[in-house]
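**Student:** Sequence:
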Amino acid sequence: MEAKDLVGWLSSAILLMTVGRQIYKQWQEGSSEGVSKGLFVGQMAASFGLAAYSWMVRNWVFVATNLLMLLSGVIGYGITLHHQRNAKRSADS
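Under this note's numbering, the residue at position 18 of the sequence shown is numbered 10, and the numbers go up by one with no gaps.
Derived by calculation from the structure, the hints in this document are not laboratory data.
Using 25 Å as the maximum straight-line C-alpha spacing, the simulated DMTMM-like pairs for lysine to aspartate or glutamate come out as follows:
hint, residue 1, residue 2
1, Lys80, Glu25
2, Lys80, Glu21
3, Lys29, Asp84
All chains should be built: construct the whole structure from the sequences, respecting the hints.
**Tutor:** In structure tokens, the structure reads:
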């Protein structure tokens, strides 16, 4: 592995750990107050496009990173929907 690849993979790991921690925190707090569904929709669209582009130029660091970011967007969106449904049920009770 070349030094440039190591920099890419380490940077990818830092990004994914940071985003993963935020998603975990959102789940643990049981609230998605102030979190926009549009944020996740935009993230998913961008991650998909960037993964496709990265595949075309054969940049495997960015293929992996963007596919995992796409997954994090799906998970974050699901958590946000879950919290919003629970908040609506609580308000209706």
